[in-house]
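*Asks:* Sequence:
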Amino acid sequence: MAKKYLNRSSVALATLILAGAAVAGAAQAQLPPAQTANGIQYVTGGFGQEESSAFKQARSSYALALTFAVSGAGSTSSPYAGNVQVLVRNAQGGTVLNATSTGPYFLVNLEPGTYRLDATYEGDTQSREVAIAQGKTADLKFTWKRPAAGPD
-6 MAKKYLNRSS
4 VALATLILAG
14 AAVAGAAQAQ
24 LPPAQTANGI
34 QYVTGGFGQE
44 ESSAFKQARS
54 SYALALTFAV
64 SGAGSTSSPY
74 AGNVQVLVRN
84 AQGGTVLNAT
94 STGPYFLVNL
104 EPGTYRLDAT
114 YEGDTQSREV
124 AIAQGKTADL
134 KFTWKRPAAG
144 PD
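FYI, my numbering numbers position 40 of the sequence shown as 33, with every residue one higher than the one before it.
There may be inaccurate statements among the hints.
The calculated lysine to aspartate or glutamate pairs, modelled on DMTMM-like cross-linking and capped at a C-alpha distance of 20 Å, are [unchecked claim]: (1) Lys134 x Glu115; (2) Lys134 x Glu122; (3) Lys134 x Asp111; (4) Lys138 x Asp111; (5) Lys129 x Glu104; (6) Lys138 x Asp117; (7) Lys129 x Asp117; (8) Lys138 x Glu115; (9) Lys138 x Glu44; (10) Lys49 x Asp132.
Just so you know, these hints were derived from the structure itself, not from any lab.
Build the full structure now, drawing on both the sequences and the hints.
*Replies:* Structure, rendered in C-alpha cells:
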C-alpha cells in the first residue's frame, strides 16, 4: 500500500514539475526573436502583460537588463517607454552596440567588462556606466520626466 502511494505521489510531483516547466517555456517562447548586431545578441519589447512577464522571467539569462519609463509631473506611476536609442561603448570608447529598443525592456548579452550606456528618448540622452560580471545580471532603469501638460 505504501509503495502504491509513493508511486502516485511521484507521478503527481512529476506532473506538477512538467506543468511548471511548460508554463515557464511558454513565457520564454513569448519573447520576440533575438537580434544580433556586431556579434552582440539582444532582445527588445515588452508591451502587454504576457510579453512583459516573459521579459521579467528571461532577464536573469542576460548580462544586462534595461528598463525604460516616463514619469509625468505629479504622477506616482511610470508608464513604460519605447523607441529608445541604446548606445553601448566599451572601456576604450568603441561602439559595441547601437540599437533601438522597441519596448520598455532591452536584454543584451555582453562580455564581462565596463561599459558606458547612452539611452536617448525623444532627444533626451541619459548616460550610465555599468560593470558586467560573469554569471550575473546588471539591471538598470532609465526614467525620463515628462513635462506637465497644460490646458487643452
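*Asks:* Against this structure, judge whether each hint is valid.
*Replies:* Verification of the hints:
1. A C-alpha spacing of about 17 Å is found between Lys134 and Glu115, which places the hinted pair at or below 20 Å, so the restraint holds.
2. Using a Cα cut-off of 20 Å, the hinted pair Lys134 and Glu122 holds, with the two alpha carbons roughly 12 Å apart.
3. Taken as a hint, the Lys134 and Asp111 pair is honoured in the structure, with Cα atoms around 12 Å apart against an allowance of 20 Å.
4. Proposed proximity of Lys138 and Asp111 is supported: the alpha carbons are some 16 Å apart, at most 20 Å.
5. Simply put, Lys129 and Glu104 have alpha-carbon atoms about 11 Å apart, close enough for the 20 Å limit, and the pair holds.
6. Pair hint Lys138 plus Asp117 holds up; C-alpha atoms about 10 Å apart against a cutoff of 20 Å.
7. For the proposed pair Lys129 and Asp117, the alpha carbon gap of about 29 Å is over 20 Å, so the pair is violated.
8. Of the supplied pair hints, the one linking Lys138 and Glu115 holds, its CA atoms being roughly 11 Å apart against a limit of 20 Å.
9. In summary, the hint linking Lys138 to Glu44 is not supported, as the alpha carbons are separated by about 25 Å, beyond the 20 Å threshold.
10. Distance hint between Lys49 and Asp132 is fulfilled; the C-alpha atoms sit about 11 Å from each other, no more than 20 Å.
The structure fails hints 7 and 9 (numbered hints given earlier, in ascending order).
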